[in-house]
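2 protein chains.
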Amino acid sequence: MKVAKFGGSSVANAAQIKKVANIIKGDAQRKFIVVSAPGKRFSEDVKLTDILIDLSDAKPNSETYESCLAAIHERFYEIVTSLGLEKNLLDELLKTLANLLESNTDHRNDCIKAFGEDSSAKVVSSYLRRIGLNAHYLNPKDAGIIVTDESGDAQILPESFSNLYRLRDLEGIYVIPGFFGYTADGKLTTFSRGGSDITGSIVAAGVQASLYENFTDVNSVYTVNPAIVSNPKEIKQLTYREMRELSYAGFSVFHDEALMPAFNAKIPVAIKNTNNPDKEGTMIVAEKPTKQNGVVGIASDTGFSSIYISKYLMNRELGFGRKLLEILEKAHISFEHIPSGIDDLTVIVRDHQLSQKKEKHIIEQIEQSLHPDTVKVHHDLAIIMVVGEGMMNMVGVAQKATSALAEADVNIVMINQGSSEVSMMFGVEARDMHKAIKSLYQKYFG
Amino acid sequence: MKVAKFGGSSVANAAQIKKVANIIKGDAQRKFIVVSAPGKRFSEDVKLTDILIDLSDAKPNSETYESCLAAIHERFYEIVTSLGLEKNLLDELLKTLANLLESNTDHRNDCIKAFGEDSSAKVVSSYLRRIGLNAHYLNPKDAGIIVTDESGDAQILPESFSNLYRLRDLEGIYVIPGFFGYTADGKLTTFSRGGSDITGSIVAAGVQASLYENFTDVNSVYTVNPAIVSNPKEIKQLTYREMRELSYAGFSVFHDEALMPAFNAKIPVAIKNTNNPDKEGTMIVAEKPTKQNGVVGIASDTGFSSIYISKYLMNRELGFGRKLLEILEKAHISFEHIPSGIDDLTVIVRDHQLSQKKEKHIIEQIEQSLHPDTVKVHHDLAIIMVVGEGMMNMVGVAQKATSALAEADVNIVMINQGSSEVSMMFGVEARDMHKAIKSLYQKYFG
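As given, the protein sequences belong to chains Y and U, one line each in that order. Going letter by letter, the first sequence gives residues 1 to 446 in the UniProt record's numbering. Going letter by letter, the second sequence gives residues 1 to 446 in the UniProt record's numbering.
Bear in mind the hints are in silico, worked out from the structure with no lab data behind them. From a predicted model like this one, the values you see are computed outputs, not experimental measurements. One or more of the hints may lead you astray.
Since the list gives no way to pick out one identical chain from another, each pair is judged satisfied if it fits inside one copy or across any two copies.
Unchecked claim - Restricting the straight-line Cα-Cα distance to at most 16 Å, the calculated cross-link-like pairs of lysine to aspartate or glutamate (EDC-like) are:
#1 Lys311 / Glu421
#2 Lys330 / Glu317
#3 Lys279 / Asp380
#4 Lys435 / Glu234
#5 Lys443 / Asp278
#6 Lys25 / Asp278
#7 Lys311 / Glu336
#8 Lys330 / Glu287
#9 Lys187 / Glu78
#10 Lys357 / Asp142
#11 Lys236 / Glu44
#12 Lys141 / Asp380
#13 Lys40 / Asp432
#14 Lys40 / Asp217
#15 Lys279 / Asp91
#16 Lys19 / Asp91
#17 Lys141 / Asp185
#18 Lys19 / Asp256
#19 Lys435 / Asp91
#20 Lys438 / Glu329
#21 Lys187 / Glu74
#22 Lys376 / Glu421
#23 Lys311 / Glu257
#24 Lys187 / Glu257
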């Protein structure tokens, strides 16, 4: 039994939904289907969820309100009519939305935001029935997806998994809207953005699927960001750990934490393309044969800063590092890495955590309580992760990477290796990132 | 004006002291001379200071006591007679020792330990006079070397430097015993072991010497440990920072912290060989021309352990690192380095800090308060430092090092680069250290 999740672009319009239906029809194992809200039909298009967010905040009868409503109406009109579904369905959807807009509960905005996924599931299940499948819409409440009462950041509660497990015995195909669950007292509550992946992963774990298929609009996970290297090689197989390390530094196929429920239940995950479903895609598995060890991908991300602190005999001063981390913690800054010399320490943080005001405050705190010889901040760093199982025990892995960077005339600002068994991390100036990645790609995959 | 310090092997016997005298005579600038206690004359010999320590602990008239006394008598007998000095001097030295042994002050042991240096200074100054120089013994109290009241770890007090500065105007040559100073209320107090280097450096800083010459029994500082690579290249010039980084990982020419007073006063330091004084030696300077930038030396040391901790989403957990360092701090363990992955951290510590009992305690603490997914300790690591000014901004430095390690079939357990501007640090298995060093040496200096 498989769980298939279809992202926003897969249900963006009637033509896409027909592809989805064909995929579902093509494999009798595809029993639980999770859908996103209609996404972008073209690159300048607006996702339905963004329209819903604007709508929920707009004053009734205001210009924004009316234009949002019109846009929603237009999209579902196209979908329902082009799929040849009954007009009743469109009326029902719009009636539901109208009721939500008029309601005044504390979870009103969650309900409006979730309208896109919920409607998608109704449309897709209707269309599946229309083409002769025994398909049903399944509300997350009826599916037993119970979450904490945190709007926009709901956390799954453990009983959900046993609730979901009971669904295995049902006859037919069930289409579940992604992105939301219900609190124990029945209030609709949304996950964080991109939450349809969370639902898919939870359902896969709950029903103990043999495979969780995540359908997107790319053929696979790529060895490197296609925006930097054109037509990069595809990754056939990845381990969970590799996926996680790649995701850290900007691999944005999906939110890696969303996959955790599936990972924890050891469900293999397939990344596939709705527009090209015969393509093999990428399999994400718990373990792979050691003979496949080696560098599997290169990820990169900008937006890092470093705080450099030097003080003679620092490493004799018991508590120095702890006090430093305490200053950062009080300012609510979590550190990424701490390369260190004999008499110096550098803390790498994400730029977005370091407003000008916070930076000034932290420097003052460091000066006052640690009395360093020097403290300075360096912005505009990029982090590059070279990822692969077994790297830790391979002779020459570092050599290959450092050669690639030297050949590209890139100065290495930082190397961090020695904790993760599956990755090696380099810091470079942000302006050097593209040429660094290109050269690393050539070295490992060229 | 120069300050010259002679180590234990330089004053180990009469023949060596004659060399010292010739060196002093050879340059009229050598005005302040600091001497160690007589050291080893051959590799199985015992340093006089070790005999004195045994003596100070021994019961009067015990076998140890008598044999120590006899050994001391024998050494000074050889020195005094072979140098053709008057027998009065020998009697005076032995009388002084006898008085110290009988005394009962709280600094008795410091006084006995310092007897070696004190006697050396008396002998050397007498011999210099005998060969026609205007030389004087100068007691540290008269020189104005004022220290804190911490036996075996005295710290210099700032007034010492201005006291010493006044000595510049004296006529003649002054021989000062190393290793000890006096508290403000006049108690003799010793520095940490190897403290003659501390005295030399303090005197050089105090009198504002144009050069501080540190005479040992090696021709220079070497680019790599001669016990690992035979006949390694000599280092002609080093910066203070390079020296410090090299010292950290086992470069044992001298205790780098001892040089700090000279470094702070920006006095250049020359490392020279008493047995080969015409050799240029190694100059340690504050700055050197950037055209001389590049790798200057490779140091290495064993005796490190790593504590590996992994926990999913660790880097989201504000305070995780701080709590970990707090646990180590409470156990009085100072960390050396903290390489980190996304979901893991490794703390590198010196083995000697991690007794089995402490290790067990720390693991328990980490498990109880941080709830990690994994925690494990890895022993027998070696640290290798590749050191050189300007490394930070050189493309290809990491490549050269990692290539050398790959060619030697050495797996890199850790790379730490990015904080120090003058070094790059590698962790390898202790068993791989020698082949790693040999290969790095070939690459940079072969």
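Results of checking the hints against the structure:
Taking CA atoms no more than 16 Å apart as the test, lysine 311 paired with glutamate 421 passes between copies only; the shortest distance there is 14 Å, against 31 Å inside one copy. For the homomeric pair lysine 330 and glutamate 317, the shortest alpha-carbon distance between copies (13 Å) is at most 16 Å, but the shortest distance inside one copy (21 Å) is not. Within a single copy, lysine 279 and aspartate 380 get their C-alpha atoms no closer than 38 Å, and across copies no closer than 48 Å, so neither meets the 16 Å cut-off. For the homomeric pair lysine 435 and glutamate 234, neither the shortest alpha-carbon distance inside one copy (20 Å) nor that between copies (39 Å) is at most 16 Å.
Taking identical chains as interchangeable, the C-alpha atoms of lysine 443 and aspartate 278 are never at most 16 Å apart, the minima being 30 Å within one chain and 51 Å between chains. Within a single copy, lysine 25 and aspartate 278 get their C-alpha atoms as close as 14 Å, which meets the 16 Å cut-off; across copies the closest is 91 Å, which misses it. Proximity of lysine 311 to glutamate 336 under the C-alpha cut-off of 16 Å is restricted to the inter-copy arrangement: shortest distance 14 Å between copies versus 21 Å within a copy. Taking identical chains as interchangeable, the C-alpha atoms of lysine 330 and glutamate 287 are never at most 16 Å apart, the minima being 39 Å within one chain and 39 Å between chains.
For the identical chains of this complex, lysine 187 and glutamate 78 are neighbours neither inside a copy (31 Å) nor across copies (97 Å), given an alpha-carbon limit of 16 Å. When the C-alpha separation of lysine 357 and aspartate 142 is checked against a cutoff of 16 Å, the pair qualifies neither within a copy, at 48 Å, nor between copies, at 55 Å. In this homomeric assembly, lysine 236 and glutamate 44 never come within 16 Å of each other (Cα to Cα): the closest approach is 31 Å inside a single copy and 65 Å across copies. Taking CA atoms no more than 16 Å apart as the test, lysine 141 paired with aspartate 380 passes in neither setting, with 46 Å inside one copy and 56 Å between copies.
In the homo-oligomer, the alpha carbons of lysine 40 and aspartate 432 never lie at most 16 Å apart, since the shortest distance is 32 Å inside one protomer and 56 Å across protomers. Proximity of lysine 40 and aspartate 217 under a CA criterion of 16 Å is satisfied intra-copy only: 11 Å inside one chain copy versus 77 Å between copies. In this homomeric assembly, lysine 279 and aspartate 91 never come within 16 Å of each other (Cα to Cα): the closest approach is 38 Å inside a single copy and 98 Å across copies. When the C-alpha separation of lysine 19 and aspartate 91 is checked against a cutoff of 16 Å, the pair qualifies neither within a copy, at 24 Å, nor between copies, at 107 Å.
Taking the shortest alpha-carbon separations for lysine 141 and aspartate 185, only the intra-copy value of 11 Å comes in at or below 16 Å, while the best inter-copy value is 83 Å. Within a single copy, lysine 19 and aspartate 256 get their C-alpha atoms no closer than 26 Å, and across copies no closer than 72 Å, so neither meets the 16 Å cut-off. Within a single copy, lysine 435 and aspartate 91 get their C-alpha atoms no closer than 54 Å, and across copies no closer than 78 Å, so neither meets the 16 Å cut-off. For the identical chains of this complex, lysine 438 and glutamate 329 are neighbours neither inside a copy (36 Å) nor across copies (43 Å), given an alpha-carbon limit of 16 Å.
For a Cα distance limit of 16 Å, the shortest separation of lysine 187 from glutamate 74 qualifies neither inside one copy, at 29 Å, nor across copies, at 95 Å. Taking the closest pair of Cα atoms, lysine 376 and glutamate 421 come within 16 Å of each other only across two copies (13 Å); inside a single copy the shortest separation is 31 Å, beyond that limit. Proximity of lysine 311 and glutamate 257 under a CA criterion of 16 Å is satisfied inter-copy only: 14 Å between copies versus 38 Å inside one chain copy. In the homo-oligomer, the alpha carbons of lysine 187 and glutamate 257 never lie at most 16 Å apart, since the shortest distance is 24 Å inside one protomer and 66 Å across protomers.
This entry does not satisfy hints 3, 4, 5, 8, 9, 10, 11, 12, 13, 15, 16, 18, 19, 20, 21, 24, going by the numbered hints stated previously.
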